[in-house]
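Enquirer: Heads up: the sequence lines are chains A and B, in that order. As numbered in the working numbering, residues 63 to 510 make up the first sequence, in order. As numbered in the working numbering, residues 63 to 510 make up the second sequence, in order.
What the hints contain is simulated information worked out from the structure, not anything from laboratory work. No residue lacks a Cβ here, since even glycine has one placed at the ideal position from N, Cα and C. Please note that the accuracy of each hint is not assured.
Restraint-style ranges between C-beta atoms, simulated for each label pair [stated by the list, open to error]:
no.	chain 1	residue 1	chain 2	residue 2	range
1	B	119	A	502	50 to 58 Å
2	A	88	B	415	35 to 43 Å
3	A	502	B	353	34 to 42 Å
4	B	132	A	255	41 to 49 Å
5	B	414	A	311	14 to 22 Å
6	A	175	B	446	53 to 61 Å
7	A	173	B	131	24 to 32 Å
8	B	177	A	463	18 to 26 Å
9	A	173	B	473	30 to 38 Å
10	A	381	B	505	40 to 48 Å
11	A	370	B	507	35 to 43 Å
12	B	446	A	463	36 to 44 Å
13	A	502	B	120	50 to 58 Å
What follows is each chain in one-letter form.
Number of protein chains: 2
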Amino acid sequence: MQTLADQPIQGIRSAFLDFVGDPFYTDDASSVRYISDGLLVVENGVIVDFGSYENLRNHYTNIPITTYSNNLVMPGFIDTHIHYSQYEIIAAYGEQLLEWLNKYVFPTEKKFKDKSHAKKIAALFLDELLKQGTTTALVFATVHAESVDAFFEGASHRNLRMICGKVLMDRNAPSYLTDTPETAYEETKKLIQKWHNHNRLLYAITPRFAITSTNEQLKIAGKLLQEFPDIYLHTHLSENIQEVQWVAKLFPNSLGYLDVYDRAGLVGKKSVFAHGVQLTDAEFERLSEAKAAISFCPTSNLFLGSGLFRLSQAKSNQHPVKVGLGTDVGAGTSFSLLHTANEAYKVMQLQGKPLSAFKALFLATLGGAQALSIEDKLGNFEPGKEADFIVLDLHATPLMANRTSRFPAQSLEDLAEKVFGLMMLSDDRAVQAVYIAGKLAHSLATVL
Amino acid sequence: MQTLADQPIQGIRSAFLDFVGDPFYTDDASSVRYISDGLLVVENGVIVDFGSYENLRNHYTNIPITTYSNNLVMPGFIDTHIHYSQYEIIAAYGEQLLEWLNKYVFPTEKKFKDKSHAKKIAALFLDELLKQGTTTALVFATVHAESVDAFFEGASHRNLRMICGKVLMDRNAPSYLTDTPETAYEETKKLIQKWHNHNRLLYAITPRFAITSTNEQLKIAGKLLQEFPDIYLHTHLSENIQEVQWVAKLFPNSLGYLDVYDRAGLVGKKSVFAHGVQLTDAEFERLSEAKAAISFCPTSNLFLGSGLFRLSQAKSNQHPVKVGLGTDVGAGTSFSLLHTANEAYKVMQLQGKPLSAFKALFLATLGGAQALSIEDKLGNFEPGKEADFIVLDLHATPLMANRTSRFPAQSLEDLAEKVFGLMMLSDDRAVQAVYIAGKLAHSLATVL
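Working from the sequences, and respecting the hints, build out all of it.
Expert: As structure tokens, this is what we get:
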């Protein structure tokens with residue numbers, strides 16, 4: 063098994079883009095770091111130095127340097143909400159959330175009781191993520207402990223920093239997919255002890271959503287969070303109008319959807335709620351106060367017709383909420399966070415509030431890391447962080463090459479325009495190479 | 063120069079999908095034609111026979127047959143609204159319609175006064191269309207006659223059936239892009255005489271929209287339509303709320319946006335109006351009555367934040383309007399009609415009305431041909447029609463291959479599900495080959 067400590071010192075020379083602040087709250091000059099000819103120095107899988115090639119070259123005269131000319135190196139993308147078990151049912155036709163779950167999702171999740179199936183899909187899923195430049199994700203498994211084992215084994219084999227958890231569901235789902243409050247507790251506890259902080263892996267307590275968990279089970283999830291305070295809480299929240307109405311009926315004493323989770327002790331600084339399309343202003347305020355995060359999943363929200371997430375409200379000055387981007391595959395129809403940024407732009411244009419490429423790419427990197435409380439480990443090129451990064455080709459297709467001539471960019475404004483082209487026009491052909499903990503893990507140029 | 067008459071008889075054997083009716087108005091069994099092992103016979107660029115391989119094989123024992131196993135052959139896609147001059151500014155950041163025109167479109171259109179620039183972009187544009195499987199398009203040039211010549215020369219060289227016209231603009235645009243009613247008339251007339259029915263080319267009188275043409279110029283366009291009754295009228299209509307408000311101010315005596323065109327004699331059965339996002343019910347009725355067509359451009363409508371086109375209203379039983387799909391590049395951010403169908407699905411999901419793959423693919427083929435009044439020439443595999451067709455690979459990426467196993471499909475229902483995957487997940491890598499008038503014009507497998 064690979065570890066962070068099996069590599070000597072090495073350098074990557076290229077143009078680099080990362081974020082040192084939040085462009086939603088500061089100007090680009092303060093938040094965007096662009097080095098048109100930079101050097102990233104990696105030792106034992108960790109970034110040890112980063113700056114302009116000119117400034118650093120004399121400090122590193124004897125290390126091997128890989129040069130990517132005419133490319134842009136960015137931190138690996140972070141997907142804050144995705145279901146690995148839905149790999150095979152991506153782009154399933156014709157339904158909105160609740161019917162889509164019954165018709166497509168539940169039958170396919172049944173198969174993950176079989177660990178060999180789970181292992182096969184986990185491998186396809188992880189390879190697809192890497193191909194798209196995503197190096198870390200917060201992942202739904204299924205209700206089966208086997209599905210979590212299979213996923214973490216695949217992620218560990220690839221030395222990835224991944225967060226996952228067993229789904230908790232004890233009602234409103236087929237019997238083959240339900241657990242109980244008691245088995246949920248026991249199995250989750252065992253999985254936490256087995257996987258949390260094993261290599262780069264982290265665990266998330268994962269009730270599917272308030273519809274498929276009794277209040278008793280939600281309280282068990284809260285109890286687990288108290289026992290393991292550095293563990294994540296990952297669930298869905300206020301995605302679809304019918305869902306919100308059903309939750310109101312199921313929990314007549316709650317003040318709203320978020321309040322259901324709140325009363326169970328599930329709303330804290332390591333809680334990540336997918337969607338939030340239907341959230342009220344008061345709920346945004348409560349998420350801000352609790353320092354909880356939202357995963358904004360624009361492709362999925364369009365594909366299922368859920369609606370338009372109010373990103374401007376989430377990123378308000380008064381009540382800021384941590385936000386990352388999520389593909390939400392299989393309701394999201396692309397594994398690419400660049401494509402997800404493209405759809406996010408459209409969701410925001412429909413609200414008359416264009417989303418700049420820098421803001422979108424912040425959400426896909428440092429913003430995602432903050433949403434997952436791993437900004438001490440990932441999200442930008444600060445020395446001390448783990449060296450997961452991607453090499454992008456802004457000329458990957460003839461159309462992109464014509465749209466984005468003259469790279470590297472010579473100013474922030476020029477760069478903004480060029481990376482906007484990348485976000486609107488690219489696909490996996492633009493992800494030329496992916497490094498995990500300093501090691502080449504995917505490359506278009508090389509057969510590994 | 064190639065002509066339709068320079069090829070001997072040949073056969074294509076594969077699975078085939080085309081439409082023989084409108085799936086918005088009849089069931090799939092009556093509108094969708096699927097032949098899992100079919101033979102398409104082409105002579106001199108024209109389809110001379112089409113049916114199951116089993117039935118036809120004995121009639122064509124001595125012709126060369128090209129077999130595409132595990133592929134799906136469809137009629138070439140028809141893009142009912144696109145701007146070739148906007149190739150370079152595709153995916154320009156941050157504006158809605160009117161500001162976007164001023165900031166990005168007008169400056170780039172200025173360059174098309176230079177015919178050598180126009181020729182270069184026309185070549186890139188036409189190659190990109192073919193790569194994406196689009197074989198016919200209704201195209202905006204610029205105000206310059208040179209831009210029309212350059213485009214038609216490039217299309218003629220490739221033996222394509224293309225429709226284009228000089229833009230008419232005599233106000234509310236930079237002086238370097240305006241003509242006058244008189245020059246509009248003279249230049250358009252010359253271009254019609256030069257290009258209409260030259261090889262496979264057709265002409266469209268092309269006022270940009272009511273904002274940039276005086277009433278006098280619109281009436282000149284109407285006069286041209288009377289003089290040349292088989293010529294197209296191609297313009298924009300009711301895309302954006304601010305645009306509609308401005309038109310109301312500019313034409314205080316009109317009953318609405320469509321009425322402005324109607325009073326100038328521009329609403330007829332060869333009129334194609336792009337967008338129509340803001341149309342009233344009465345305007346839909348008038349378009350139905352006039353047998354005019356709308357180009358539905360979902361990607362563009364999302365990218366510019368224009369809104370959600372009411373396709374269900376357009377395809378109503380009471381007042382049916384002809385509808386085709388348009389990419390509307392450069393406000394559309396993809397040349398692919400498959401990707402445009404993907405975005406159309408999302409636009410309709412936001413309205414709670416899922417769009418089936420068959421309906422979407424109908425719009426991209428026979429529906430587009432009907433919108434452009436060329437259903438006697440193109441749109442499906444009826445003998446006598448021109449042999450523009452594309453070979454699709456439903457397994458073009460690992461994700462698609464996993465999602466869409468077991469092809470050819472064995473039933474219409476199975477096929478619907480598989481082509482929905484194609485429409486949601488594919489890109490140009492799924493367009494394996496493109497034939498124009500029976501000749502291979504683009505292929506992923508072969509260097510031509």
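Enquirer: State for each hint whether it applies.
Expert: Hint by hint, here is what the structure shows:
no.: 1; hint: B/119 <-> A/502: 50 to 58 Å; result: 51 Å, holds
no.: 2; hint: A/88 <-> B/415: 35 to 43 Å; result: 42 Å, holds
no.: 3; hint: A/502 <-> B/353: 34 to 42 Å; result: 60 Å, violated
no.: 4; hint: B/132 <-> A/255: 41 to 49 Å; result: 48 Å, holds
no.: 5; hint: B/414 <-> A/311: 14 to 22 Å; result: 21 Å, holds
no.: 6; hint: A/175 <-> B/446: 53 to 61 Å; result: 56 Å, holds
no.: 7; hint: A/173 <-> B/131: 24 to 32 Å; result: 29 Å, holds
no.: 8; hint: B/177 <-> A/463: 18 to 26 Å; result: 23 Å, holds
no.: 9; hint: A/173 <-> B/473: 30 to 38 Å; result: 23 Å, violated
no.: 10; hint: A/381 <-> B/505: 40 to 48 Å; result: 56 Å, violated
no.: 11; hint: A/370 <-> B/507: 35 to 43 Å; result: 42 Å, holds
no.: 12; hint: B/446 <-> A/463: 36 to 44 Å; result: 41 Å, holds
no.: 13; hint: A/502 <-> B/120: 50 to 58 Å; result: 57 Å, holds
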